[in-house]
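Enquirer: Put the complex together from the two separate chains, hints included.
Residue numbers (the numbering used here), protein chains in the order written: chain A, 13 to 185; chain B, 6 to 569.
It should be emphasised that the hints constitute simulated quantities derived from the structure, not laboratory data. Treat the hints with care, as some may be off.
[Stated by the list, open to error] Label pairs and their in silico Cβ distance ranges: (1) A:D144 - B:D276: 44 to 52 Å; (2) B:D175 - A:R126: 56 to 64 Å; (3) B:E233 - A:S17: 44 to 52 Å; (4) A:V132 - B:T114: 39 to 47 Å; (5) A:N97 - B:D138: 41 to 49 Å.
As the structure is a prediction and not an experimental result, all values here were calculated from the model. Beta carbons are placed, not taken as given, at the ideal position from N, Cα and C, and that holds for glycine.
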Amino acid sequence: MSSFSEKHTITALVEDRPGVLNRISSMFRRRGYNISSLAVGQSETSGLSRMTFVVQGDTKTVEMVAKNLNKLVEVIKVLDISDENAVSRELALIRVNSDVSNRGEIMQIVEIFRAKIVDVSKDTLMVEVTGDEDKVDSLVDLLATFGVHEVMRTGTVAMSRGVAFESLSGPEN
Amino acid sequence: MIKKGSQIVCESLLREGCDVVFGIPGGAILPLYQTLPEYPELRHILVRHEQGASLAADAYARITGKPGVAFATSGPGATNLVTGIASAQMDSVPLVIVTGQVNSWTLGTDAFQETDITGITLPITKHNFLVMDARDIADTIKEAFYIANSGRPGPVLVDIPRDAFIQQVDYSDEPSIDLPGYSPSIKGNNRQIKRAAKLISQAEKPVIIAGHGIIISKAYDELRNLAEKAQIPVITTLLGISCFPEDHVLWTGWPGMHGMAYSSLALDEADLIIALGMRFDDRITGNPQKFAVNSRKIHIDIDPSEIGKNISVDVPIVGDVKEILLELNPIIEESVHPEWLKRIDQLKIEHPSLKLPQTDKLLARQVIKDISEITDGQATLVTGVGQHQMWAAQHYRFKKLCSFLTSGGSGTMGYEVPAAMGAQVADPDATVWSICGDGGFQMTMSELATIVENRLPVKFAILNNGFLGMVRQWQEIFFESSYVSTGYSGNPDFVKLAEAYGIKGIRVTDKTQVKPAITEAMDHDGPVLIDFIVEQEDNVYPMIPSGMTVNEIIEENLDQKVTS
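Chain B on its own, in the form it takes in the complex (with noise of 0.2 Å):
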């Protein structure tokens, strides 16, 4: 059967189970785009800027569970994708990028709109391809798609010069993969696990900290038969949130620079750290070579590259972290710690890191406070990166599983706009809050038009502050409160915006009217952005400045007033 480049390519990413794509079209990638009405089953998202691609597809990935997938152009198309293929890269999701690319017989030349893409995403995608003959189309595609989702998932750009998607060929045979040097280990070592097994056995104050690693594998009733058979706490990294519901006695919180106090303090004076599917990022670890001294560290991951990159372990395991608690869990022991239970309720006493001030000041925090209780931890919640960030993790309760999507590891402001539209694309029955931070959202706002024209009921909530806040937090504490660059004095008027776009807009200035525009947005068929005018300069506690470990905690002075 002859067909052409163009063609081919649908036909790959249909067989994949691919049925969203997020894009832009331009000159290089024309001849695929003038293809797609032969394939309605492909949804295209027409987005406003590429970097909403790359991270709309990023958040449909994350809630799916298939890679998500992204059209560019070439040039500049192709590198506004960057900050999102860096972003799932360092938040292991799997992406299938394809860019168009100029004629194969100008390459090399400086062409109009010619960038050397597989050259410039070389060291932030899990692989990349430049496929110079349409011949080759359906099996890098197929490749491209086992890369990305298998093992530890990332993104792959597959680019195809403009000639190769006109090019009629021979398209008949099964696409293969050939991969010779590519083949993840699922199954961890045996001696391993039982060692691991001894170990959670005899351990009398056992930790688990569960990574973004739970999700990707859904690990989620293995992690809790681990946790409930043998009582040990559950701590999850910042990715790792909603891995574990957290209305469960079990739950512990989240450690780290912004982490909460006992959960930081759980992980120094444990004997016993259970690492899932995680990867000992600084913003845990603190000063790494004084990091959780007291323990023994079990580390179980399917990258052998993490295992002791950053903290030695005593058992490492490589291998698919479901794989690997399915073996493990029927040879530990049934075991019970009161004693260490009851220390960390007592952590969580003296350490009461969630505790609001008492105040009729708005608080960013009691957005997030009402937008859980309101939503009774059933929402999905999507962020950008900063305070607000950190405020979300902290207080929000997530109870659905797979439900907080965050840009940990790039830090990609912005994220929670064109995420937050992924994710309502990926799951339209969902309820999805964007928290935003009015810095952020100004990135990325132009998603706006997007989820008009999709229909998309996105709920927005910015958390306007009118700083770049976690930015001015550092001003404050390590530059002597000398904010340069961070005051955003120029900001638009939200709602007014908002209704530009057709969205339905509301103001709160008021802690008593948070609730009431909270209900308002949940009982609107349709987007709502609430622009919440909230305190200018409250900060994130607790806070273990950088490379400094839990005995340096900065916690909140609840007994002050909340700002100057």
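Bound conformation, chain A alone (with noise of 0.2 Å):
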């Protein structure tokens, strides 16, 4: 179905309380599962939050990440939407050499790619980019002949379009 070592988008509802993370992230160690990307935050709903994780994997091991997931108690609905028609974004800050010979360059690439300059320096502009991950890696990569300093990068979040969708750990059949 897949082929190995691609990357999948896996999104949680999860009960906001103290530890949840640690229960997850003690998971994904302890059978071993590679997770590219991770975010979190408060959902629609108080008391619940969202995760969304890129794990690098077959199908196989997707599905076990999900089948693992839902075991956990807190965890209350995931979904594994990689195959959906999915908007996934993630937002990076990005400070990059510069000074007043590329600025003009630099501010150019920038507008290209939807892109802000949030801060500027003598020496350094900062950067705030939002898109897929493939954007966001592209202009990192453009920016690296100027010197890139530091990148900070959210992780991917992720919501399928339209409504709805089948949860990939619920019961197998």
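Expert: And the structure:
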């Protein structure tokens, strides 16, 4: 169905309690699953958080990740939205070398990516960009030619378009 | 009504049907202990080491089907429980553990006897709680019992700071459960059940492999109805032993690393495997890529994460095995498989895995066979881990349901002493035989004091070979008999040791003394310890080396002398 080491996006609705993140990360560590990125925030319901995981692995691995997530008492609902028509975004802050000589060139690149310059100093610029992972990767690559000092990424958050989708981790049948 | 946290703990336990607690007091949990005299219905058994408490609670739970309960204080008290908790998690045994914690205002300051026990037990519990306020105790304990003993059972730990035991709060409301993320599947999917029935009807060489799930779900009759209706041979897993009477004509042993060769071969030759409440452990599958490649597989288990974990299956059914069999049995066709059953009989003749070699020496296996004969397969057998465990599972013919207690997944040596204690507490009228290794026995023998104190008539059979026998066997086979750190030259005189505790001790050094000693132990009204000085370098066969297949099975050469 899917090739080895593909990236999968899983979201989970969880109870917002102390130790929940610890339980989840402990499960990933113990079972040897690889998290490429993890983002957590409050959901539309108070007391519940929503997490987005980007997980590297084949279909079977990702299925086991979802099942083991669902097994945790404080995890309420798990969805694999990899194959969905989903919107995924992350935000990155990038501090790049810049002086008067190249500032214009960097600003042009930033504009093409519909990113923003949010801080300017004598020798650097701070760029804020939002987009899917590939877009952020491309911008970081392009800016690397000027010298990137620091990159801060939030990790992907994702939501499927439309309404209905099936839980991957419910009962097998 | 105003109550203290400690009173709420006791009343919550009683409400959940708990009648026995195993534990040891200490500073942080003392306020709870000081409340116990107000609740005489709650019997407390004072163990000698907290590992004894968690392992005894494990056995108590397996026999009664209710969660086993253990208490320990903070720090070392709590960490001593850990081995028993991990064992229970691996073997799906429901426990509710209450640990005392340092006062809430000192948490996180490395206070005296402070240990992050919820952190430590996070990966080895089904769930755990830290209760900071006495107002939350009743709900939490109700949730703990519900989580521990529903779905796939497991241990739940509730950590309570000292001040919450003393805190006085209003205690009037009925406790309630609020677990939005927890809802185990019980009913199987109808479509899959129909598919399973069709596969069973089509199969020519079907075999059932029945696991611990049958015992947990008490699906004994349903298993038997399925097997008899379609004439399907029944293999069990190690933890499934005693879920199906072993004098039944369809009983076909147990497979895997040290299982009967004919069981492993039957799995390999089958065209359909019906796996009930089991998890295709590596001790059964060997190399999972080459395991039972000739068969289609129906896998019924309550834990969805076990389906497809080790072995790909054709028909997965998630739910309680008893509920599912109640749906499945009526829709399967009555059938017979005379050719297949004849083939299995032939495998039994060609591979006599349970036959003992002719010898005058005292073999550990002989002791098990004799206990089996004298107790007529009606005893409850509790074992440690290693050679004696495998021999007990091979040579005792279990005729009583739920009568074999062993640490299967975790392989916890020392299980034999406290678990025998827990089994006897759970069923005072049972004949409990603790089959011990001389190694494992010394890990938990401090519980002999508890056994005497509580007048528990457990019969101990130490199969004393002066070695960590299974490790020695691996050294013999895989490390050219280089016996590094496996010889126990400093063993105590176990008979004198028993007598020091006020327990009757018997020593057996000769094959002819075995039966009289067992009978003497059975006739004695109280605990007995028999020290069987058995052949030192005997090996467990058959053996499928780790990660291999049934084609690489090593069987015993019965013509050769037993040991050099």
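Enquirer: Each hint: holds or not?
Expert: Hints and how they fare:
{"no.": "1", "hint": "A:D144 - B:D276: 44 to 52 Å", "in the structure": "holds (49 Å)"}
{"no.": "2", "hint": "B:D175 - A:R126: 56 to 64 Å", "in the structure": "holds (58 Å)"}
{"no.": "3", "hint": "B:E233 - A:S17: 44 to 52 Å", "in the structure": "holds (48 Å)"}
{"no.": "4", "hint": "A:V132 - B:T114: 39 to 47 Å", "in the structure": "holds (45 Å)"}
{"no.": "5", "hint": "A:N97 - B:D138: 41 to 49 Å", "in the structure": "holds (46 Å)"}
The structure agrees with every numbered hint stated previously.
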